[in-house]
Amino acid sequence: MKEYNKLIFEISREGRQGYKLPPCDVKNIDISKIIPNNLLSEKELSLPEVSEVDVIRHYTLLSNKNYGVDTGFYPLGSCTMKYNPKINEDMASIESFTQIHPYQNVKTVQGSLQLMYELSEKLSEISGMDQVSLQPSAGAHGELTGLMIIKAFHENRGDFKRKKIIVPDSAHGTNPASASVVGFEIVEIKSNENGSVDLDSLKSVLNGEIAGLMLTNPNTLGLFDENIKEISDLVHEAGGLVYYDGANLNAIMGKARPGDMGFDVVHMNLHKTFSTPHGGGGPGSGPVGVKKELIQYLPVPIIEKKVDNYTLNYDKPLSIGKIKSFYGNFGVLVRAYCYILSMGADGLKKASEMAVLNANYMKSRLKDYYYLPIDRVCKHEFVLGGLKQGVSEVTTLDIAKRLLDYGYHPPTIYFPKIVDNAIMIEPTETESLETMDEFIEVMIKISVEAGENPQLLKMAPYNTLVRRLDEVSAARYPVLKYTKEV
Amino acid sequence: MFPYIPNTLEDEKFMLKQIGVLSIQDLFKDIPDELKLNRELNINPSLPEIEVQKHVKSLANKNKSTEELVCFLGAGVYDHYIPSIIKHLVSRSEFYTSYTPYQPEISQGTLQAIFEYQTLICDLTGLDVSNASMYDGSTACAEASFMAVAHTKRKSIIVSKTVHPQIRKVLYTYTKFKGIELVEVDALDGVTDILKLKELVDKGTAGVIVQNPNFFGIIEDMTEIQKITSDNKSLLIMSVDPISLAILKTPGEIGADIVVGEGQSLGNKMNFGGPYLGFMATTTKLMRKMPGRIVGQTKDIDGKRAFVLTLQAREQHIRREKATSNICSDQSLNALTAAIYLTTMGKQGLREVAYQSTQKAHYAFNEIIKLENYKPVFNKPFFKEFVIEGPQSANVINDKLLEKNIIGGYDIESNYPEYKNTLLFCVTEKRTKAEIDGLVTVMEGIK
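Taken in order, these protein sequences are the chains called A and B. So for the first sequence, the working numbering puts the first residue at 1; every next one is plus one. So for the second sequence, the working numbering puts the first residue at 1; every next one is plus one.
Keep in mind the hints are simulated off the structure, nothing from the lab. Glycine included, each C-beta is placed from N, C-alpha and C at the ideal position. One or more hints might be untrue.
30 angstroms max Cα-Cα, derived DSS-like pairs, lysine-lysine [claimed, not checked]:
1) A:K20 - A:K164
2) B:K400 - B:K447
3) B:K370 - B:K400
4) B:K289 - A:K484
5) A:K161 - B:K370
6) B:K178 - A:K164
Label pairs and their calculated CB-CB ranges [to be verified]:
7) B:P376 - A:Y4: 30 to 36 angstroms
8) B:R305 - A:L21: 31 to 37 angstroms
9) B:K57 - A:R57: 30 to 36 angstroms
10) A:K367 - B:K54: 29 to 35 angstroms
Take the sequences, apply the hints, and build the full model.
The structure is reproduced here in structure tokens:
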């Protein structure tokens, strides 16, 4: 295919048009008679002038420069890049869902409210929580919401001393960032060699100033923290609450539930576990579930089921308030709802079982070639620590870049930080044995290449549309928009 | 079998053997028995596609959409025309099934589209730099208030009561938890009360938030507000309707420091409230304080132009608790939608959308106030929305309109009790004269 390297602004031609509106059919009034001149812009916009065909070709060619789950294997650890079922897209684009104004009379939106109500019930059952709010827009937004709930809980009891949140050093950077936005101080604790919470380290920081602990289980190494009940008990005894970062729910559906492990607040990523597409960065959805005593703090409005209809209830005096516009990313919720309907209780459990089986299979085949810091049963993902036969100059980044040449999206790299040269692999349940085997063969081949010709890897990739980028000058001399050359 | 799970029983056996365990259950032995869910989840059993379709369509059929009803409702979400090509391009799965573009070599499609989006937002707003988009208009506004506090090292934010009540509620939640003081400045005759603003602004004011056109549809005179803000070295944060920027003075011309807004009307369906996108742009001076993802242009090692996520030193995965925000995503697909919309409509089209909306809104306004029982609430220049006082409560009027398949205006009284029996109507370019006349006829019959 011919190489295409133009910006939409560079194909603009004066006088071209990509739209046609009906002529204005009301009597026109001179605009200056309606709006005083001092309120009108003096400048003309410089939006592109292109035909409909230009727009279609341009963005189609851009899409060809992207790699998605539909293109191929995407073993990006902690991101759960499973297949995005197409029926979900169809259902989410039904006009009677998409063409609804959020402020329409509730009588006219009963179907949407019922869908949301039922989805939150299903998510409550899957997570073992008592009630779920579908409002948060993303995982980080779910964290923010959950932490606000924790703060509101303590303050409502008149306990204003609890200003600290415990975050393990293995946690994603978003955890401490979210806690900080909610006005908490961060207390970092060490992880043990399994990436799990170090009990002594935890005990040493528990006191009356601790509002809660943020954790994911399976942990960021993909290992189930067997002490989870003891951990949550310890935090509870100290008066704190335990927050579940739902990034890793895909390993345990139908097998175990955060609610049964002692978690008080959870968020779930519908764009991970529940198959909604990532969209190149968003939109996602990060519903938050809570235990009974925290229900009253959930963000408003709450969708309630009455005898024969559904309503939006804003009258919740202890609620943390509103955390976003309207009620949640509805279009994403439709997709997750369809996924749960399609999979059912049996399918969700099977999905977790196969996600775990696939990950353990890949781990067992790769550990002879790549360093495996902890050799025990993993859950849905596992973390390698670079090449087993260390070749000093070949880094994890080089391995990732070489994978691009072989047509794969690389795994997550350099996370979690507690493993040097981390390569975090999450195959998900939607990949076949053949796909995994092909990827494994490539990983083995790269380990051989690293020994024979390290320079080959240092300069990779070769086969991509663009090669390694100069990220340092991108940040030092930022060019953040197109400027027409004069 | 499940269509999304390819491995067969044979595959399972083969893999178990390779791992060296006997059964899948052996892979879950690390979960203590007392924590295992020893029952099936209490949700439906799996359903084939045909059944899922039937069920979900039956839910959709319980709704009444704006395809069946004529919509005169706005209040932040707008029924503007959406070109067909958007659906086709945004449905390309190379776009929607990809992750955040962490591997730029195979993500140039998303990265370039965002770079173009940023350029388009800068052009629209007249400010220097845009981020890659945020959750929605209200959270973008809350993030802007954090940015103002971080930049000025002051602790208080002033927001006009003419800002959308929902945005103010989200702001209230965010600032309360962060420990920022939020002060509301009164409205006077439908616009921000300049004298009161002057009294409130002081050395503790990090930023002043004003919406334009404001919640009542009125175009605020920003000149004095800008002066008050800059004289006090506070930041001026504007929340704007992007469509209006095709004709109204831009935040750049006004001298705003940060501009945010709800990007839904840029080609995104109303979707019962989401997903949308919040846009945010600012000055070069404040660039490194801006939250969210940002795409920059650079070169690859062969010297070829390429795009990459940049200025990441601001972000949570590097800065952890010291980050400018906890946001670690954008609304990429909605930003792509906005970019395609702005590109398709182009310079002429966006202006025509703004122009026709203004004309039709004024036609509707003039026809409604001719009616005996209806009168205007404010006497100020407006864009595509206006407030009318009727003979009954908004609920009663809207119920009667709904009987005739018309979605009426937003109930102003629900948030501003001082304005009894008032509705905020919105008229976009999609409404025809016949539809407007139909609205007026039904309203005339409501006494």
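Against the structure, the hints come out as follows:
no.	hint	in the structure
1	A:K20 - A:K164	57 angstroms, violated
2	B:K400 - B:K447	11 angstroms, holds
3	B:K370 - B:K400	20 angstroms, holds
4	B:K289 - A:K484	26 angstroms, holds
5	A:K161 - B:K370	61 angstroms, violated
6	B:K178 - A:K164	13 angstroms, holds
7	B:P376 - A:Y4: 30 to 36 angstroms	53 angstroms, violated
8	B:R305 - A:L21: 31 to 37 angstroms	35 angstroms, holds
9	B:K57 - A:R57: 30 to 36 angstroms	34 angstroms, holds
10	A:K367 - B:K54: 29 to 35 angstroms	47 angstroms, violated
When each numbered hint is compared with the structure, violations occur for hints 1, 5, 7 and 10.
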